[in-house]
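K.L.:
With chain A fixed as given, assemble chain B onto it according to the hints.
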Amino acid sequence: MSIRVAGLEFAYPKFSLRVEGIAFETAKVTAIVGPNGAGKTTFLKCLGAVLPIPKGALFIDGRDLAALKSRERARLVCYVPQEHDTTFNYTVSDFVLMGRAAYISPFALPSHEDAESAAEALEFVGLSGFADRAISELSSGERRLVLIARALAQQSAVLLMDEPTTFLDPKHETELFRLIRKLAVEKKKTILVTLHSLEMAVQHSDLMVFMKRGEVVAYGKSAEVFEDSLLERVYDMQMKIIDWEGRKFVLR
Amino acid sequence: MNGQNSRTKALAVFMLVLPLVLFFISLSIGTYGISPRGLFQAALSVVSPASHPEVPAAHRDILLRIRLPRVLLALAVGAALSVSGASLQALFKNPLVNEYILGISSGAAFGAALSLVFLGRAFPPQLAGFLFAAVAVGAVLLISGKAESHFISLLLTGIIVTAFFSALLSLVEFFASPYVLQALFFWLMGSLSLASWKDLYVSLPLIAAGLVVLYLLRWRLNVLSMSDEEARSLGVNVRREKILVIAATTLITAAATAIVGIIGWLGFIVPHLVRMMFGADNRRVVPLSAAMGASLMMIADDIIRGVSSFEIPIGIFTSLVGIPVFLILLKKTRKVWL
Numbered sequence: 000m001s002i003r004v005a006g007l008e009f010a011y012p013k014f015s016l017r018v019e020g021i022a023f024e025t026a027k028v029t030a031i032v033g034p035n036g037a038g039k040t041t042f043l044k045c046l047g048a049v050l051p052i053p054k055g056a057l058f059i060d061g062r063d064l065a066a067l068k069s070r071e072r073a074r075l076v077c078y079v080p081q082e083h084d085t086t087f088n089y090t091v092s093d094f095v096l097m098g099r100a101a102y103i104s105p106f107a108l109p110s111h112e113d114a115e116s117a118a119e120a121l122e123f124v125g126l127s128g129f130a131d132r133a134i135s136e137l138s139s140g141e142r143r144l145v146l147i148a149r150a151l152a153q154q155s156a157v158l159l160m161d162e163p164t165t166f167l168d169p170k171h172e173t174e175l176f177r178l179i180r181k182l183a184v185e186k187k188k189t190i191l192v193t194l195h196s197l198e199m200a201v202q203h204s205d206l207m208v209f210m211k212r213g214e215v216v217a218y219g220k221s222a223e224v225f226e227d228s229l230l231e232r233v234y235d236m237q238m239k240i241i242d243w244e245g246r247k248f249v250l251r
Numbered sequence: 000m001n002g003q004n005s006r007t008k009a010l011a012v013f014m015l016v017l018p019l020v021l022f023f024i025s026l027s028i029g030t031y032g033i034s035p036r037g038l039f040q041a042a043l044s045v046v047s048p049a050s051h052p053e054v055p056a057a058h059r060d061i062l063l064r065i066r067l068p069r070v071l072l073a074l075a076v077g078a079a080l081s082v083s084g085a086s087l088q089a090l091f092k093n094p095l096v097n098e099y100i101l102g103i104s105s106g107a108a109f110g111a112a113l114s115l116v117f118l119g120r121a122f123p124p125q126l127a128g129f130l131f132a133a134v135a136v137g138a139v140l141l142i143s144g145k146a147e148s149h150f151i152s153l154l155l156t157g158i159i160v161t162a163f164f165s166a167l168l169s170l171v172e173f174f175a176s177p178y179v180l181q182a183l184f185f186w187l188m189g190s191l192s193l194a195s196w197k198d199l200y201v202s203l204p205l206i207a208a209g210l211v212v213l214y215l216l217r218w219r220l221n222v223l224s225m226s227d228e229e230a231r232s233l234g235v236n237v238r239r240e241k242i243l244v245i246a247a248t249t250l251i252t253a254a255a256t257a258i259v260g261i262i263g264w265l266g267f268i269v270p271h272l273v274r275m276m277f278g279a280d281n282r283r284v285v286p287l288s289a290a291m292g293a294s295l296m297m298i299a300d301d302i303i304r305g306v307s308s309f310e311i312p313i314g315i316f317t318s319l320v321g322i323p324v325f326l327i328l329l330k331k332t333r334k335v336w337l
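So the protein lines, in turn, are chains A and B.
Counted from 1, the first sequence has number 113 at position 114 by numbering that gives the first Met the number 0; the numbering is strictly sequential.
Counted from 1, the second sequence has number 141 at position 142 by numbering that gives the first Met the number 0; the numbering is strictly sequential.
Incorrect hints may have been included.
Capping the alpha-carbon separation at 25 Å, the derived lysine to any residue pairs in SDA-like fashion look like this [as the list claims (entries may be wrong)]:
id : chain 1 : residue 1 : chain 2 : residue 2
1  : B       : Lys330    : A       : Phe166
2  : A       : Lys54     : B       : Val237
3  : B       : Lys241    : A       : Leu108
4  : B       : Lys330    : A       : Asp84
5  : A       : Lys247    : A       : Glu136
6  : B       : Lys241    : A       : Gln237
7  : A       : Lys54     : B       : Leu19
8  : B       : Lys8      : A       : Glu115
9  : A       : Lys247    : A       : Phe166
10 : B       : Lys241    : A       : Leu137
11 : B       : Lys8      : A       : His111
12 : A       : Lys68     : B       : Asp227
13 : A       : Lys211    : B       : Lys8
14 : A       : Lys13     : B       : Asp227
15 : A       : Lys68     : B       : Lys8
16 : A       : Lys68     : B       : Arg238
17 : B       : Lys330    : A       : Ile134
18 : B       : Lys241    : A       : Glu115
19 : B       : Lys8      : A       : His195
20 : A       : Lys27     : A       : Gln202
21 : B       : Lys331    : A       : Lys27
22 : A       : Lys13     : A       : Gly61
23 : A       : Lys54     : B       : Lys331
24 : A       : Lys68     : B       : Lys331
25 : B       : Lys331    : A       : Lys13
26 : A       : Lys54     : B       : Glu240
27 : B       : Lys330    : A       : Lys27
28 : B       : Lys331    : A       : Glu71
29 : B       : Lys241    : A       : Thr85
30 : B       : Lys331    : A       : Glu136
31 : B       : Lys241    : A       : Leu50
Hints were generated in silico from the structure; no laboratory data involved.
So that you can see chain A by itself, here it is in the shape it has in the complex (with noise of 0.2 Å):
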């Protein structure tokens, strides 16, 4: 499913987003990278309407988001934050249940299928076995897998994913990274990180995003678009782009 902006603000009192016309394709993982507030975050929140955006301003398959009914949307698109707070210790398999939401009339309980979409969910991210552990039992890599486990079991096309790999080890965030490509590639969905590390994001990314001050600096195929000028210019730092078998790393 395509997403397309045409045209989107968003102002925070010392903050303002700007993004003019972007389209993102089908079933590709898309990386967004710049510096500390250049907006990722509020661009990602944007994208999933989870901020209040204006009409006409972001069509999903060429349905206008900020036209749709909460569940509507929640069935196109699905934000994951960064990190879950844990005021409420709920058990795993009920976290994962509660993805079905936008399936489940607010005066209804979850029915068995909702039960077996968010088992399989919890499945396809290999965490079966902790269907009955409390969230508060996790560790931090375990508790990312279970919060795209609940974007699954919502089921949308696409999904936002907010600093994914953040407190990850250098396996666990391998192992993400896998996940997140069997997404695109199996579940044929639309993908969009934000992302720190630029190694990471031109490694496991088909697009990449510069963002800096609000604005998108430059898009365009990871391997085409990251050169050492760009980096240069968005990060106002200097910076080299380094190769080695196949894979780029970055000098500064």
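P.N.:
For chain B alone, kept in the frame of chain A given last:
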């Protein structure tokens, strides 16, 4: 794991049946001694007076006019305040929130007192109670802004609004005649002894309606207990559903407070205990809070009626027990919200 599961299930069933058992036990407790057999016969004689001529009219009156409304009220109020607490805690993503902190109780108390003093007992105090409870909670939410994510600001606003409505209440007391004042004072401390069918006819349907709404929303409360951004992304119309939950909790709290006064802490402690025993899933927390709240309220009232010849208002009793429990839980849960 399975053993533990079946034990938890058995405990849940026990908790759900308990209010029914306590209901009948509570009917047999009181200063005037009636044996269970005597009570049973009195109940039968209500249905067919002719077949039980030996039952004294006093027994029938005690059962019907004094004990039944009182026990029913204890049951309803216990369930109402506990479910209201559980729902508000989920909605505000904070286990320390309750109807008292949000100003609902003091708003309802002021409204009901105003109605009692100026409109008299003929006019149901529940209506003004609900109106001012809604004003109070609305004020708290508006003033504290996005307070649901800033508990301290919500708490401070709640304290201020509560203080404001307490001052208004004092003003009402100031203007009340000495005769009305005495009744008002007793009612404010939280008392079940004034239970009458007239009050129950209004409050019971309101409490039942609110409870049904919150019971139906019980799974949704899980989703609403996520951050607002998460809930929105999951497909919830956060604003609309929040208003619905707050309206239902305000309704049942006002309906309860208008006839029994302010009963603090029950709505805070019961959901906590339920979560400790049965986990956080509101599909269980809501009905089990109702059952446990109703049970605790009936037990508390039984103790009050059974132990001494004079009555301690139940509001004072629940606060004396509730505040130490609150402090213990506060210490335990500090990490979660600071």
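K.L.:
Given the hinted pair Lys68 (chain A) and Lys331 (chain B), is their alpha-carbon gap at most 25 Å?
P.N.:
Outside the cut-off at roughly 40 Å; violated.
K.L.:
For Lys27 (chain A) and Gln202 (chain A), compute the direct alpha-carbon distance and say whether it is at most 25 Å.
P.N.:
With a Cα-Cα distance of about 13 Å, the restraint between Lys27 (chain A) and Gln202 (chain A) holds, given a limit of 25 Å.
K.L.:
Does the alpha-carbon distance linking Lys331 (chain B) and Glu136 (chain A) stay inside the 25 Å limit?
P.N.:
17 Å, holds
K.L.:
When you check the alpha-carbon spacing of Lys8 (chain B) and His195 (chain A), does it fall within 25 Å?
P.N.:
At roughly 47 Å apart (the allowed maximum being 25 Å), His195 (chain A) and Lys8 (chain B) break the hint.
K.L.:
Measure nothing beyond the straight line between the CA atoms of Lys241 (chain B) and Gln237 (chain A); if it is 25 Å or shorter, mark the hint as holding.
P.N.:
50 Å, violated
K.L.:
Hint check: Lys13 (chain A) vs Gly61 (chain A), CA-CA at most 25 Å. Holds or violated?
P.N.:
Cα-Cα ~32 Å, so violated.
K.L.:
Holds or violated: Lys247 (chain A) with Phe166 (chain A), Cα cutoff 25 Å?
P.N.:
22 Å, holds
K.L.:
If you draw a straight line from the CA of Lys8 (chain B) to the CA of His111 (chain A), is it 25 Å or shorter?
P.N.:
20 Å, holds
K.L.:
Lys241 (chain B) and Thr85 (chain A) were given as a pair; does the straight-line alpha-carbon distance stay at or below 25 Å?
P.N.:
Holds. Lys241 (chain B) to Thr85 (chain A) sits at ~20 Å (cutoff 25 Å).
K.L.:
Check the hint pairing Lys13 (chain A) with Asp227 (chain B) against an upper bound of 25 Å on the C-alpha distance.
P.N.:
22 Å, holds
K.L.:
Assess, step by step, whether the Cα of Lys68 (chain A) is no farther than 25 Å from the Cα of Arg238 (chain B), and give holds or violated.
P.N.:
Holds: Lys68 (chain A) and Arg238 (chain B) sit about 13 Å apart, inside 25 Å.
K.L.:
Taking 25 Å as the top limit, are the C-alpha atoms of Lys331 (chain B) and Glu71 (chain A) close enough?
P.N.:
Between Lys331 (chain B) and Glu71 (chain A) the Cα gap is close to 40 Å, so the pair fails against 25 Å, i.e. violated.
The structure is inconsistent with the numbered hints 1, 5, 6, 7, 10, 13, 15, 18, 19, 21, 22, 23, 24, 25, 27, 28, although it conforms to all the rest.
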